[in-house]
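*Asks:* Sequence:
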Amino acid sequence: MLRLKGTLVSPFSFFAVFSIILASPTFLSVESYSHRHASTVGQLVLKHDRKLLTQTEHGEISAAIVTDGTKGPYHLQFITLEPNSVFLPVLLHANMVFFVHTGSGTLSWTDDDDMRDVNLRKGDVYRLPEGSAFYVQSSLEAEREKLRIYAIFTNAEDDVYEPSIGAYSSITDVVLGFDTRVLQAAFKVPEDVIKIMRASKPPAIIHAVQKEGKMLVEWQAQLLKAFLGGNRDGFFHSINGKKTKKKMRAYNVLEADPDFENCNGWSLTVDRKDLHILKHSNIGLFMVNLTKGSMMAPHWNPRASEIAIVLQGQGMVRVVCSSNAKECECRDMRYRVKEGDIFAVPRFHPMAQMSFNNDSFVFMGFSTLTTKRNHPQFLVGKKSALRIMDKQILALSFNVSNATIDQLLKPQRESVILDCTSCAEEEENLLMEEIERERKEEEEARRKEEEEEARKRREEEEAKRKEEEEAQKRREEEEEARRREEEEEAKRREEKEARRREEEEEARRREEEEEARREEEEEARRREEEDARRREEEEGATRRETKKRREEKARREQEEAWKQEEERQRRAEEAAAKGWREREKQRGQPEEKKNGKR
162 MLRLKGTLVS
172 PFSFFAVFSI
182 ILASPTFLSV
192 ESYSHRHAST
202 VGQLVLKHDR
212 KLLTQTEHGE
222 ISAAIVTDGT
232 KGPYHLQFIT
242 LEPNSVFLPV
252 LLHANMVFFV
262 HTGSGTLSWT
272 DDDDMRDVNL
282 RKGDVYRLPE
292 GSAFYVQSSL
302 EAEREKLRIY
312 AIFTNAEDDV
322 YEPSIGAYSS
332 ITDVVLGFDT
342 RVLQAAFKVP
352 EDVIKIMRAS
362 KPPAIIHAVQ
372 KEGKMLVEWQ
382 AQLLKAFLGG
392 NRDGFFHSIN
402 GKKTKKKMRA
412 YNVLEADPDF
422 ENCNGWSLTV
432 DRKDLHILKH
442 SNIGLFMVNL
452 TKGSMMAPHW
462 NPRASEIAIV
472 LQGQGMVRVV
482 CSSNAKECEC
492 RDMRYRVKEG
502 DIFAVPRFHP
512 MAQMSFNNDS
522 FVFMGFSTLT
532 TKRNHPQFLV
542 GKKSALRIMD
552 KQILALSFNV
562 SNATIDQLLK
572 PQRESVILDC
582 TSCAEEEENL
592 LMEEIERERK
602 EEEEARRKEE
612 EEEARKRREE
622 EEAKRKEEEE
632 AQKRREEEEE
642 ARRREEEEEA
652 KRREEKEARR
662 REEEEEARRR
672 EEEEEARREE
682 EEEARRREEE
692 DARRREEEEG
702 ATRRETKKRR
712 EEKARREQEE
722 AWKQEEERQR
732 RAEEAAAKGW
742 REREKQRGQP
752 EEKKNGKR
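Each residue of the sequence shown is one higher than the last, beginning at 162 in our numbering.
Keep in mind that the hints are not guaranteed to be accurate.
[What the hints assert, rightly or not] Here are the simulated lysine-lysine pairs, DSS-like style, with alpha carbons at most 27 angstroms apart:
| # | residue 1 | residue 2 |
| --- | --- | --- |
| 1 | Lys-453 | Lys-283 |
| 2 | Lys-617 | Lys-627 |
| 3 | Lys-453 | Lys-571 |
| 4 | Lys-212 | Lys-499 |
| 5 | Lys-543 | Lys-571 |
| 6 | Lys-283 | Lys-499 |
| 7 | Lys-533 | Lys-544 |
| 8 | Lys-543 | Lys-533 |
| 9 | Lys-714 | Lys-724 |
| 10 | Lys-609 | Lys-634 |
| 11 | Lys-212 | Lys-283 |
| 12 | Lys-440 | Lys-453 |
| 13 | Lys-544 | Lys-434 |
| 14 | Lys-307 | Lys-356 |
| 15 | Lys-434 | Lys-543 |
| 16 | Lys-571 | Lys-544 |
| 17 | Lys-601 | Lys-746 |
| 18 | Lys-724 | Lys-533 |
| 19 | Lys-617 | Lys-634 |
Hint data in this document are derived by calculation from the structure and do not stem from the laboratory. Since the structure is predicted, the reported quantities are computational estimates derived from the model, not experimental observations.
Could you put together the complete structure from these sequences and hints?
*Replies:* As structure tokens, then:
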């Protein structure tokens, strides 16, 4: 056991080997191929693909989102602190389960009304509940080793991370988000103090002994006191050299007895049955150390998905997809991983992890457990799930004889972790063959696509040519039709014009005839009128003559009458005069007689 664990902690010139491997085009193509196929479903995140959240000269924090293909996403953070640095207080929005990869330090966090301190060492596992506030300080050791913490953040109910609210928020942001007047009333301090607090915001990670550190520590401590609602003198005591009220101890996987160990490596799982602080969490941890040329036997997890982080070395991972899943949703995968890479294996998916002949393969991770404890089901060895099945039924399943099933199951007496010399290399060769096959398939597909594109272009050009010819033919036909139509239209216009002229001529002729007729009629009418007038004149003349004669006759008769009347009157007058003379004569005689008498 000590020799095996020494594989994890012993000096090893990994970076020299890694540099040689990294310089190889083969490795780059394998990495690219693995990442392309696994990351499409979020099951592989390479170290350089992590998202950098914060970075200062005193440390950095990066994050990765991983899914197991069935649940998630799962949010992982990688916190790295330089020696004697502080990750300033934050308020957790989710449960935090973490593993200490390297270095040492102190975790201080709130538990109800108490501040608790936990000394952190390489291999420690711990959990902080959502709603608690915490900060971390790295130790100043002679080795000056960085404190590296790998953490997963999940919701307590369904172990799923809610990205909309984030994993945590800074205590500074939480408190200073209020208005100055509210803070004055809450802290019972003058406005100047609040202004000093607001003057500059420190980064998430600072150095523990910087000149401004004392002032920063003092008001950060006051913030946490106000946040907790009581006197929290224990906050930052590790920075100020004081002792905290309550000390706790973390669970260390490097000091625990492995669940399984042999010359090929060892494995360890930790869940709520083993560690009381995981009691209210459905997140467990596991760690696997494979020596050179070894393999974690093919197995699947019936009640958990695994999210693994490579701690040391490199290896091959083979994941078999469910036969009932659609190819677009799931496919068999093999990929090569190295230190810092993250890979996830969904529940029920058979898998195997293999180390290369020249390097060990050490990885730890988080398992998403159900309400029941997970017991990995191995396909081979003494603990093979196939051994408990009915041999005849198993033979029928593989369509082979019972003897063949015996040959399949009996030879392997080891279990869990097996010797597998050159298995990783063979997997890599298969991966390379897959890459080459896929490259050829892609080239063939690209060639076919190009040919198809060329064929389509030819067809399009031919179709375009035919279309242009047809268009030209249509244009010519349309032009001919238009010409014929124009000729016909011109002919129709000429015929119409001729008809119009004929009609006009006919109308003019009819009009002339009508005019002649009217003239004839007018002439006849004039003649008739002249005849009538002549006759009338003649008749008038006759009448006038007659009238004249009658008038002349009447005049003569009148004149005769007048003459007769005048004659009569003359005669009358003559008679009257005669009578008068006679009477006068008669009157005169007596007068004379009278005068004589006188």
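*Asks:* Against each hint, give a clear statement of whether it holds in the structure.
*Replies:* A quick look at each hint next to the structure:
1. For a cut-off of 27 angstroms, the pair hint linking Lys-453 to Lys-283 stands: about 23 angstroms separates their Cα positions.
2. A distance of roughly 14 angstroms separates the Cα atoms of Lys-617 and Lys-627; the hinted pair therefore holds under the 27 angstroms criterion.
3. A distance of roughly 25 angstroms separates the Cα atoms of Lys-453 and Lys-571; the hinted pair therefore holds under the 27 angstroms criterion.
4. About 18 angstroms separates the Cα atoms of Lys-212 and Lys-499, which keeps this hinted pair within 27 angstroms; it holds.
5. Restraint check for Lys-543 and Lys-571: the C-alpha separation of about 9 angstroms stays at or below 27 angstroms, so the hint holds.
6. Among the hinted pairs, Lys-283 with Lys-499 is consistent with the structure: their alpha-carbon atoms are about 20 angstroms apart, no more than 27 angstroms.
7. Among the hinted pairs, Lys-533 with Lys-544 is consistent with the structure: their alpha-carbon atoms are about 20 angstroms apart, no more than 27 angstroms.
8. Distance restraint check for Lys-543 and Lys-533: the Cα-Cα separation of roughly 24 angstroms lies within the 27 angstroms cut-off, and the hinted pair is therefore satisfied.
9. Simply put, Lys-714 and Lys-724 have alpha-carbon atoms about 14 angstroms apart, close enough for the 27 angstroms limit, and the pair holds.
10. With a C-alpha separation of about 35 angstroms, the suggested pair Lys-609 and Lys-634 falls outside the 27 angstroms cut-off, and the hint is violated.
11. Annotation: proposed proximity of Lys-212 to Lys-283 holds, straight-line Cα distance about 24 angstroms (limit 27 angstroms).
12. For the given pair, Lys-440 sits about 36 angstroms from Lys-453 by alpha-carbon distance, which is inconsistent with the 27 angstroms threshold.
13. The straight-line distance between the Cα atoms of Lys-544 and Lys-434 is roughly 22 angstroms, inside the 27 angstroms bound, and the hint therefore holds.
14. For the proposed pair Lys-307 and Lys-356, the alpha carbon gap of about 35 angstroms is over 27 angstroms, so the pair is violated.
15. A hinted pair counts as satisfied when its Cα atoms are at most 27 angstroms apart, and Lys-434 with Lys-543 qualifies at roughly 25 angstroms.
16. Under the criterion of a C-alpha separation no larger than 27 angstroms, the hint pairing Lys-571 with Lys-544 is consistent with the structure, at around 12 angstroms.
17. In summary, the hint linking Lys-601 to Lys-746 is not supported, as the alpha carbons are separated by about 189 angstroms, beyond the 27 angstroms threshold.
18. Annotation: proposed proximity of Lys-724 to Lys-533 is violated, straight-line Cα distance about 176 angstroms (limit 27 angstroms).
19. About 24 angstroms separates the Cα atoms of Lys-617 and Lys-634, which keeps this hinted pair within 27 angstroms; it holds.
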